[in-house]
Amino acid sequence: KAGVTQTPRYLIKTRGQQVTLSCSPISGHRSVSWYQQTPGQGLQFLFEYFSETQRNKGNFPGRFSGRQFSNSRSEMNVSTLELGDSALYLCASSWDRGDGYTFGSGTRLTVV
Amino acid sequence: EDKVVQSPLSLVVHEGDTVTLNCSYEVTNFRSLLWYKQEKKAPTFLFMLTSSGIEKKSGRLSSILDKKELFSILNITATQTGDSAIYLCAAYGSGNTGKLIFGQGTTLQVKP
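Protein sequences, first through last, are from chains G and E.
When we follow my numbering, the leftmost residue of the first sequence carries the number 1059, and every step to the right adds one.
When we follow my numbering, the leftmost residue of the second sequence carries the number 1139, and every step to the right adds one.
Hints listed in this document are in silico derivations from the structure and should not be mistaken for laboratory results.
Among the hints, erroneous ones may be present.
As the list claims (entries may be wrong) - If you want the footprint, here are the derived chain G segments under chain E, 3+ residues with CB under 8 angstroms: (1) 1111–1124; (2) 1162–1168.
Said to hold, decoys possible - Pairs of lysine-lysine, DSBU-like flavour, derived with a Cα cap of 30 angstroms: (3) Lys1179/E - Lys1115/G; (4) Lys1115/G - Lys1205/E; (5) Lys1178/E - Lys1115/G; (6) Lys1179/E - Lys1071/G; (7) Lys1175/E - Lys1115/G; (8) Lys1141/E - Lys1115/G.
Each residue gets a CB set at the ideal place from its N, CA and C atoms; glycine is no exception.
Generate the whole structure from the sequences, applying the supplied hints.
Below, the structure written as structure tokens:
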């Protein structure tokens, strides 16, 4: 079966712009979590959605937001981009909380 | 605060060697411990250990969970160059829906 699909694979944006990243989970998975990965901080949790509802949120500023659609696909949005937002953004899907999470290949965001 | 600590942070071995990677955790309402292998982008799921499954094995890889001492180890025997990767340990607490707490990762390099 198809894995977790993230688009786009790469993005280059300018400071102050906004960006939207997309994640399509494994068919049947209803939980989608988002992570930011940087060399200095490792993988940091952004938020988790289940059945179109945000169930949990990490310690990121309000510029980071997300949503989930009825087909479980999820998007995350970052507004007013800063240089420090440059990172690999990973999403992971699961049947429900606590089950094994499968990761997508990520979106590499570079802010210049 | 929940945290996961991995050691060593990096390791260089030669093909055929056996390696042991360590992961200690402090997570509220601990439920499961997961190991991932990250080569390029997507972390690939290796094992999930819970109170009902504290030892897992797959080929040359094996892992155990010590719930009393709050740690886990990942063993790789007869290492191959293809084992070179970052190995990530993550813990999940049932009070923190959808959120995996990741360690810093162990970078393993296997030389021919």
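Consistency of the hints with the structure:
1. Three residues within the 8 angstroms Cβ limit are the bar, and the segment 1111–1124 of chain G against chain E gives 3, so the coverage statement holds.
2. For the segment 1162–1168 of chain G, the proposed coverage by chain E is satisfied: 4 residues have a C-beta within less than 8 angstroms of a C-beta in that chain, meeting the threshold of three.
3. Under the criterion of a C-alpha separation no larger than 30 angstroms, the hint pairing Lys1179/E with Lys1115/G is consistent with the structure, at around 23 angstroms.
4. Proposed proximity of Lys1115/G and Lys1205/E is supported: the alpha carbons are some 27 angstroms apart, at most 30 angstroms.
5. Distance hint between Lys1178/E and Lys1115/G is fulfilled; the C-alpha atoms sit about 27 angstroms from each other, no more than 30 angstroms.
6. Our distance criterion of 30 angstroms between C-alpha atoms is met by Lys1179/E and Lys1071/G, whose separation comes to about 20 angstroms.
7. Between Lys1175/E and Lys1115/G the alpha-carbon distance is near 25 angstroms, which keeps this suggested pair within the 30 angstroms criterion.
8. For the proposed pair Lys1141/E and Lys1115/G, the alpha carbon gap of about 17 angstroms is at most 30 angstroms, so the pair holds.
Of the numbered hints given earlier, the model fails none.
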